[in-house]
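S.K.: Residue numbers (our numbering), protein chains in the order written: chain Y, 369 to 579; chain G, 369 to 579; chain S, 369 to 579; chain F, 369 to 579.
Treat the hints with care, since some could be wrong.
Put simply, identical chains are the same to the list, so a pair is met inside one copy or across any two.
Dumping the calculated BS3-like pairs for lysine-lysine here, alpha-carbon to alpha-carbon at most 25 angstroms [claimed, not checked]:
#1 Lys-494 x Lys-528
#2 Lys-468 x Lys-568
#3 Lys-457 x Lys-494
#4 Lys-542 x Lys-385
#5 Lys-468 x Lys-385
No wet-lab data here; the hints were simulated from the structure.
4 protein chains.
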Amino acid sequence: MLSGYGRYFEKGFVRHKETHEHLAVYGQKPEVMVISCCDSRVTPEGIFHAGPGELFVLRNVANLVPPYEETEGQHGTSAALEYAVTALKVQHVVVMGHAKCGGVQAFRENANAPALKGDFIGRWIKLLEPAAIAMACMPVDRIDDPQLAMEYAGVRQSLKNLHTFSFVEDAVTKGELSLHGAWFDIGSGELRVMDPHTEKFETAVSGTPTE
Amino acid sequence: MLSGYGRYFEKGFVRHKETHEHLAVYGQKPEVMVISCCDSRVTPEGIFHAGPGELFVLRNVANLVPPYEETEGQHGTSAALEYAVTALKVQHVVVMGHAKCGGVQAFRENANAPALKGDFIGRWIKLLEPAAIAMACMPVDRIDDPQLAMEYAGVRQSLKNLHTFSFVEDAVTKGELSLHGAWFDIGSGELRVMDPHTEKFETAVSGTPTE
Amino acid sequence: MLSGYGRYFEKGFVRHKETHEHLAVYGQKPEVMVISCCDSRVTPEGIFHAGPGELFVLRNVANLVPPYEETEGQHGTSAALEYAVTALKVQHVVVMGHAKCGGVQAFRENANAPALKGDFIGRWIKLLEPAAIAMACMPVDRIDDPQLAMEYAGVRQSLKNLHTFSFVEDAVTKGELSLHGAWFDIGSGELRVMDPHTEKFETAVSGTPTE
Amino acid sequence: MLSGYGRYFEKGFVRHKETHEHLAVYGQKPEVMVISCCDSRVTPEGIFHAGPGELFVLRNVANLVPPYEETEGQHGTSAALEYAVTALKVQHVVVMGHAKCGGVQAFRENANAPALKGDFIGRWIKLLEPAAIAMACMPVDRIDDPQLAMEYAGVRQSLKNLHTFSFVEDAVTKGELSLHGAWFDIGSGELRVMDPHTEKFETAVSGTPTE
Numbered sequence: 369m370l371s372g373y374g375r376y377f378e379k380g381f382v383r384h385k386e387t388h389e390h391l392a393v394y395g396q397k398p399e400v401m402v403i404s405c406c407d408s409r410v411t412p413e414g415i416f417h418a419g420p421g422e423l424f425v426l427r428n429v430a431n432l433v434p435p436y437e438e439t440e441g442q443h444g445t446s447a448a449l450e451y452a453v454t455a456l457k458v459q460h461v462v463v464m465g466h467a468k469c470g471g472v473q474a475f476r477e478n479a480n481a482p483a484l485k486g487d488f489i490g491r492w493i494k495l496l497e498p499a500a501i502a503m504a505c506m507p508v509d510r511i512d513d514p515q516l517a518m519e520y521a522g523v524r525q526s527l528k529n530l531h532t533f534s535f536v537e538d539a540v541t542k543g544e545l546s547l548h549g550a551w552f553d554i555g556s557g558e559l560r561v562m563d564p565h566t567e568k569f570e571t572a573v574s575g576t577p578t579e
Numbered sequence: 369m370l371s372g373y374g375r376y377f378e379k380g381f382v383r384h385k386e387t388h389e390h391l392a393v394y395g396q397k398p399e400v401m402v403i404s405c406c407d408s409r410v411t412p413e414g415i416f417h418a419g420p421g422e423l424f425v426l427r428n429v430a431n432l433v434p435p436y437e438e439t440e441g442q443h444g445t446s447a448a449l450e451y452a453v454t455a456l457k458v459q460h461v462v463v464m465g466h467a468k469c470g471g472v473q474a475f476r477e478n479a480n481a482p483a484l485k486g487d488f489i490g491r492w493i494k495l496l497e498p499a500a501i502a503m504a505c506m507p508v509d510r511i512d513d514p515q516l517a518m519e520y521a522g523v524r525q526s527l528k529n530l531h532t533f534s535f536v537e538d539a540v541t542k543g544e545l546s547l548h549g550a551w552f553d554i555g556s557g558e559l560r561v562m563d564p565h566t567e568k569f570e571t572a573v574s575g576t577p578t579e
Numbered sequence: 369m370l371s372g373y374g375r376y377f378e379k380g381f382v383r384h385k386e387t388h389e390h391l392a393v394y395g396q397k398p399e400v401m402v403i404s405c406c407d408s409r410v411t412p413e414g415i416f417h418a419g420p421g422e423l424f425v426l427r428n429v430a431n432l433v434p435p436y437e438e439t440e441g442q443h444g445t446s447a448a449l450e451y452a453v454t455a456l457k458v459q460h461v462v463v464m465g466h467a468k469c470g471g472v473q474a475f476r477e478n479a480n481a482p483a484l485k486g487d488f489i490g491r492w493i494k495l496l497e498p499a500a501i502a503m504a505c506m507p508v509d510r511i512d513d514p515q516l517a518m519e520y521a522g523v524r525q526s527l528k529n530l531h532t533f534s535f536v537e538d539a540v541t542k543g544e545l546s547l548h549g550a551w552f553d554i555g556s557g558e559l560r561v562m563d564p565h566t567e568k569f570e571t572a573v574s575g576t577p578t579e
Numbered sequence: 369m370l371s372g373y374g375r376y377f378e379k380g381f382v383r384h385k386e387t388h389e390h391l392a393v394y395g396q397k398p399e400v401m402v403i404s405c406c407d408s409r410v411t412p413e414g415i416f417h418a419g420p421g422e423l424f425v426l427r428n429v430a431n432l433v434p435p436y437e438e439t440e441g442q443h444g445t446s447a448a449l450e451y452a453v454t455a456l457k458v459q460h461v462v463v464m465g466h467a468k469c470g471g472v473q474a475f476r477e478n479a480n481a482p483a484l485k486g487d488f489i490g491r492w493i494k495l496l497e498p499a500a501i502a503m504a505c506m507p508v509d510r511i512d513d514p515q516l517a518m519e520y521a522g523v524r525q526s527l528k529n530l531h532t533f534s535f536v537e538d539a540v541t542k543g544e545l546s547l548h549g550a551w552f553d554i555g556s557g558e559l560r561v562m563d564p565h566t567e568k569f570e571t572a573v574s575g576t577p578t579e
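Chain Y on its own, in the form it takes in the complex (with noise of 0.2 angstroms):
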């Protein structure tokens, strides 16, 4: 890891060097907090090419923002969210999917075990039995694959909990706030955008990347 910085330190620093300079003395001031998983294999920055100080990006096992809760204890992403959106004034809050998610699939595996494995992955994930629920009764569409219905499902339940949060609320009707879905193919690079009103996932760049 420390020869990866080093090639890092003498390339990638140097291209943005300006940049972190710039960002150090007068703060970040991102646009875009993007919720993403955990997963090895779903870079924010890369999918996006962005550079530092460009992206917000919370990250944590298949993409979930919980509903607004009262309870104690430390919420850790409902404190980003609050944080991206009350103090940083972020613009877009993107929730990405992706292909072949571990914990959406962990999800669908123990949904008709007795008990889930572990004390916490099988809790966090049980936060997915809403859009499982709202996917049985109310099909957007028909897709063959359950992953991957299982997957966009989690993606529209956490864009329906982030409504649930009144800074979020207030932010998205003044119009200071948009919130967008999106789900990445790990396999093939394609990046698909939630359409708002179909709530349908629409490939975003159509075209084939050049070798």
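Could you slot chains G, S and F onto chain Y? The hints should help.
M.R.: Positioned in the frame of chain Y, the structure of chains G, S and F alone reads:
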């Protein structure tokens, strides 16, 4: 953002096309989990020059690991940690702090305030309280810059908290997992690594960037 | 002990006999409340050369004032404070820390321990946590001796907590009550007084004892 | 007060200079804990003619020991008791009441009032309720002065409460700790000691002061 994606798809993705296809079929098998901040100026994949499939990345405000807790509720960070260590069996967990951390700054500014603003961010950064107490009680090194001292203390505390998870402790004891502390200077691009024995942070690569 | 009492009765009491008789009839009217440690090496009446009726003395472990709390339960320190300020109308409250404080030491040693020993002492000295946090976040002065730094921080925090009681705050605002911080060196007999503006502790009487 | 300290430093401290230096280096090792009132007319070190390092002194309103309680919150008196018995291993605990006790008086005056004044003092002296009940039900001795009777009853109740702490009970059973009741007359300087069997208070030193 979509034009950025276009550039990525035409250049970045092509470079890793086979890797992506392989990863999509065989799944991710990252050896390293990085716990980093949401800050737009800190991109683990960039700093470590890591390609797809290499880093399992959790990002939350102020790169915090809470201690093991048996309380109800969705513990997003603990869930990601559990997934990385027990399911993906990563060999390294790196907690990476950084300069000018807004979460640490908010904690410091609010330490004496009657009440912390916001529902979530205030509670979340309270995870830094044991870090502050540990620093006050057993100062590892006297640093004139209190913001930097607190950033270091936060990384040390998160490493300490990692040990409260039995699955982490077990893997460390068996020699299957190593824990690391690091700190990134967003202004100069310098990476500092924590010595596990002295708990001091030392510059990892001393050379200046070749311009 | 009874022989000690005999000596007191024959010498000490006689000296203050009339004062005692007067105080028994007309009641106490002390102008000063001292909040000091139970430590056997710190006697407020001795240090301030005070006779009967002069000092209203609260002594608890580590001379701590908890913040105002609405919870149930018997708050002994708050009760004594309330009695002194609202019933006796003292004009000064002095929080006096001291060197080698066992309560502070226990706090420092246990800051990183998994669990504090004992049912009560561990919980009581947790009142020092905000002191440690304040010190970590906004160090007033850098002191090489962490025990001393924490002793000072404890006094500062107790003074801060005094302001959380409305009856204290009211009396201070009306100019009827002053709050003071002090620290006693049990080894050298030196008394240090906190400057209310800089919050630094300065030697009160600089001369050496005449032997 | 500072001039009083000056006098102390030049005279009082010098007398105990070597003791102070020794205590600073080797720590305190008092054999006796005194639980006394905050009252400005009652100074345990004075009454027992005790020098530095001899008495571990807790002072609260009305010299009360609450019963063992498992509730949350900071129990200052219990904490000091625990520290004295388990850490310092004192051999004696003396609960010393006194004449004209304002806490006892407030309790008596408010016993029939609908609500006790103040947030804290009222709740604190409610600890005397079992003392009053015990006195009403099982009067040890009939005393014409109800204030004095209640002051005695308070000491008896505190001694009873001491036994509810398992660490006290254990030490007493092993013969390592003795509990004592005492009462000081602020007007005459008389000290009365409670007979452990009859629970009556008897004058400790009968002679009149030599003037």
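S.K.: Enumerate the violated hints, using their earlier numbering and listing them in ascending order.
M.R.: Violated hint: only 4; rest satisfied.
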